[in-house]
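> Using the hints provided, position chain B relative to the given structure of chain A.
So the sequences go chain by chain: A and B.
All residue numbers for the first sequence refer to this note's numbering, where the first residue is 1 and numbers rise by one.
All residue numbers for the second sequence refer to this note's numbering, where the first residue is 1 and numbers rise by one.
These are calculated hints, taken from the structure and not from any lab test.
For each residue, glycine too, the CB sits at the ideal point set by N, CA and C.
One thing to keep in mind: the hints can contain errors.
Quick partial rundown of chain A residues pointing at chain B, CB under 8 Å, derived from the structure [unchecked claim]: (1) P10; (2) C56; (3) A61; (4) G213; (5) A216; (6) A243; (7) A346; (8) A778; (9) G859; (10) T931.
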Amino acid sequence: MSRVPIDLSPPVSDTVKTTTCYMCACRCGIRVHLKDGQVRYIEGNRAHPVNKGVLCAKGSAGIMQHYSPARLSKPLKRVGERGSGRFEAIEWDEALALATGWLGAIRERDPKQLAFFTGRDQSQALTGWWASQFGTPNYAAHGGFCSVNMAAGGIYTIGGSFWEFGEPDWEHAEYFMMFGVAEDHDSNPIKAGLAKLKARGAKIVAVNPVRTGYGAIADEWLGVTPGGDGLLILSLCHELLRAGRVDLEWMLDYSNAGWLVLDEDGLFARDGDGKPLCWDRATNSARPAAGSEVQPAPKGRFTLPDGRTARPSFEIMAERYADARYAPDAVAERAGVSAATIRRIAAELAAAAFDSDLAIEQPWTDTHGRKHERMVGRPVSIHAMRGISAHVNGFHTCRALHLLQMLLGAVDRPGSYRYKPPFPRPAPPGPKPAGRPDQIAPGQPMPGPPLGFTAGPEDLILADDGAPQRIDHAFSWEAPVSAHGMMHTVIGNAVRGDPYRIDTLFMYMANMAWNSAMNSAETIDMLTAKDDDGGYKIPHIIYSDAYFSEMVAYADLILPDTTYLERWDCISLLDRPISDADGVADAIRQPIATPDRDVRPFQDVLIEIGARLGLPGLVDDEGQARYPNGYADYLVGHERKPGVGSLAGWRGHDGSKQGVGAPNPKQLEAYTENDCHWRLELAPNQRYYRYANQAYLDWSAALGFIDHAERITLQLYSEPMQRFRRAAEGHGEIQPPEHLRQRVKDYFDPLPIWYAPFEDAGAGDDFPLHAVTQRPMAMYHAWGSQNAWLRQIHAANRLYMSRKLAAKLDIADDDWVWVESRKGQVKAQARLMDGVNDHTVWTWNAIGKRAGAWNLGEGAPESTKGFLLNHLIDDLQSGTSYANADPVTGQAAWYDLRVRVRKAGVTEQGTSAPQFATLQRPPGMAPAPDTLQYGKPKTGAVT
Amino acid sequence: MTSLPKTPPAKRLGLVIDLDTCVGCHACAVNCKEWNTGGYPAPLSDPDPYGAAPEGVWLNRIHGFEATPESGDGRTVHFPKSCLHCQDAPCVTVCPTGASYKREEDGIVLVREDLCIGCKLCSWACPYGAREYDGMTGVMKKCTLCIDRIYNDNLDEVDRVPACVSTCPASARHFGDFNDPDSNVSRLTAEREGMDLMPELGCQPTNKYLPPRPRRTESATAELPTAEGGFLGWVDKLLSR
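Isolated chain A, as found in the complex (with noise of 0.2 Å):
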């Protein structure tokens, strides 16, 4: 036929902007496309660091998001009872008053009675910051619910951690292992470095419950049993001990493999000047381990000038990970790989980071002044999240980890894992916690920061009498190390007044009625529990979100949020960088629409709230707000400390200084010219070997992000785990109390350790299956279901089961089934598969709403046939009156949930279990639209 005219050149926008996605917490950056005044198409920037162009299905689906019928349009005051969902819509004045009423009322009496807390936000350098100015030390954000084992057995390990704080070596591994990553963190990053290990040849071995995602491209899936990672890595550890295969001298050059141990305490040997020692081979003596001129010994027992013996940790760490019960025949059966496939990826594991050839030849200069002609590589390379982490175990399966990369030799350097600057830092870095009962006072703000990280029981943050003093209970006996705060316990303790009752809970972007709560029904309970005298027990719940989720019926204020796309933000050094390994970078986010509805910012809210009351740092001298214009303001203005602020591009009164400088007023200009992300890249002599790197490390003290330009020593033995021991050992001032000694005496450990989740403990025939979630790729948390193109792909999830399994319990494809724990059941329907453990069962999370949640319609999927594992899941543990956590960090245990399952009646079919009642929209949101044409042409209609 003929040729058809078609005009292939259209106008794609009227104009382009840049900022940065919020689909996720992968920060790309992207290119936004207006036309006539709409989003018209959303892109990844092929400027940017972190995506380089690509943009996965959640940041194409951003549109939608940004146009949600499930947007609040206004702020709302509670006039029913909590959970009724009426409200009334009331004026930002009217609001702002209220809040500023409540918390300066609390303020002036005792601040912490304010519990702040934040979900899955990007700006806790504004909040924790706003959190210490307020004077109160209950401010988290949702780290402890997420990943804080994957971050606290890194940074006191190795002095940084995987995913935000660095990265495997994707140009040059040639073997690389997968540990519990659910299909995100960081997602495009790791989409494209498999493309680029498979187009090498390296091998991918994924460790995993499940095979999909990730694990269904690799060329080995390891289908471990939930809890027993721990287990499977130190027995590979049993192995490359055994067979002598370890990095032996460059442990005893760059981790404290060589200090020497007390016998008597279990602490370094330190000189005089409080220097860890080591006992040097050449001289025969014990000297300083710092020394550059030591050769210290691995094994034997040493006695000191004072008479003490001690003896190196690394043959205190041999000795204990050669016991039989490592061996890959004594793990195998729990951690649910064979003996046999465990001695033979140890032994590719040792033949990929020895026997390769592999070395960048870049000469380099160590922090003893000793040059070395090229970095020589360890081809190695290992990431890990959430499956690891949200066990009870997870901070010590971390830390073997770790211990794993260290026998390899396989951190920083080709081929391993890498860093991503400002890391690696001190392991554990500055600064300690703050809120100690003399760091409280009425109007005053806190002499630090509320979250930090312990050292020892010195750094507790405890009240007089040793109880917790948080209302989350992070940083007492109960869970010493909890870097990110202990997010999941608050509501929980905060109704059984434990250590107090709170005035206000105040969140922002954190779902905790529904998703965010271990349990939820029993959370919606507490947020309505009353006192006798009628009042609630938790007597102001403030709430900050754009949409309409579950807890908004919970809340008694509502302050309404912009969308992502609405508002000025910043991806901060000093909060979750986007850096690279070989680049450091931040950014920020502009507004590309202005809002239609009465809603603000949340940081300007903040900021603003923070004037009203006065607090030290939000007003001048004056008394008057010191950042009129909100959050741009603050990004630009703001200094953490002199010369160091938000925003680490472009400072200097002309923008010419990076890292430390003035502040900038042109700042965000400059960003938005450059693509809304700044970048510095680092020379190639400072790319590996960065814990020992002169040339790096004195780039990164001059940037700020390290005090001095220091060697940072692995911590293989970890002396901090010790000082809190000893203390449940009786020595001391401050220690744990009796019912907290023996189990601080278990736990912390110096060196790895695995136990049994908690939960296992009388699980047996009653509850002989294993519970877990995933999060799918195209749906990040709770935000895409109200998503109109990303609820097609999953509108509501199954529980995955193995056919061998399913054909045991006489399931079959489509059954619907019961799930029951010891906290209660959930009725779901079945799907079967293959690619799963077969002692375990899963299910996509967050999938599942409450009827009416998000603006769905009637009969939505996800409510009716979507459900929550979490029903099942219980936040205390068994018997006691501890967090279902890890008793380290206090990361919420999820993944140690124990069930069983059974088919469900005829007369249960259809419907999932629990059902809720339908929430009510609330006032000025339109009933969603019944179809969508977005895109449609205005004039001149589709023929």
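What follows is chain B alone, placed relative to chain A:
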């Protein structure tokens, strides 16, 4: 009946889809949806976007399945599917109005919506199930290879590829001219033994699928030998090197 071009198109544009690196993330599908709902086939309707049956029009869909052999390891496969722009396209020849046609210039199969009567014969004829009927506009929709991108002078040259290719985080999608033996798609197809989907049907699809690379399961040593010298004896040996 509608005729295919009498002479084979000079160019044969299409996609190479790499099943070795596709992780099933749906990035391509959603970026396709957002580009095309405002592009040439606009809109891609969503008849029940927030209700009980959220099933709208998508020009690219991802299917996931498991393959479990009698012995050996099973695998999970993610399989993106869109129009394959067949050389012998049954969806064209079946069209009663001339709406469905194959371009002479580059072989892209398109729908002229002004001629489409929504009879759905083409979707019955397509053996791959790659056509999408839009009930709200009453016409058939399909992958256009982003015809309003690939020749678009308003875009940087690097962006003149289909949206799905541009956005794929795993580099699993490639676009080019299969008539050019030096094109990236021709080379990839040759190097990686790119396959036709259901070649026995004779449609001669243009798009090719790269099969997963062989898995690396080999091992130099199945087990590490115990070091000589007993517990930590090897340490002395190492240190004396």
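> Does each hint fit the structure? Answer for all of them.
Evaluated hints:
Residue-level restraint check for P10 (chain A) holds (minimum Cβ-Cβ distance to chain B is 5 Å; threshold 8 Å). Interface hint at C56 (chain A): satisfied, since its Cβ lies 5 Å from the closest Cβ of chain B, which is below the 8 Å cut-off. Among the interface hints, the one on A61 (chain A) holds; its C-beta lies about 5 Å from the nearest C-beta in chain B, closer than the 8 Å criterion. With a least beta-carbon distance of about 5 Å to chain B, the hint placing G213 (chain A) at the interface is held under the 8 Å criterion.
A hinted interface residue such as A216 (chain A) counts as satisfied when its beta carbon comes closer than 8 Å to some beta carbon of chain B; here the least separation is about 4 Å, so the hint holds. A distance limit of 8 Å between C-beta atoms decides the matter here; for A243 (chain A) the minimum to chain B is near 4 Å, and the interface restraint holds. Satisfaction of the interface hint for A346 (chain A) is found here, the shortest Cβ-Cβ separation to chain B being roughly 6 Å, below the 8 Å cut-off. Interface hint at A778 (chain A): satisfied, since its Cβ lies 4 Å from the closest Cβ of chain B, which is below the 8 Å cut-off.
A cut of 8 Å between beta carbons decides the hint on G859 (chain A): the least distance to chain B is about 3 Å, and the hint holds. For T931 (chain A), the interface hint holds, the least distance from its beta-carbon to any beta-carbon of chain B being 5 Å, beneath 8 Å.
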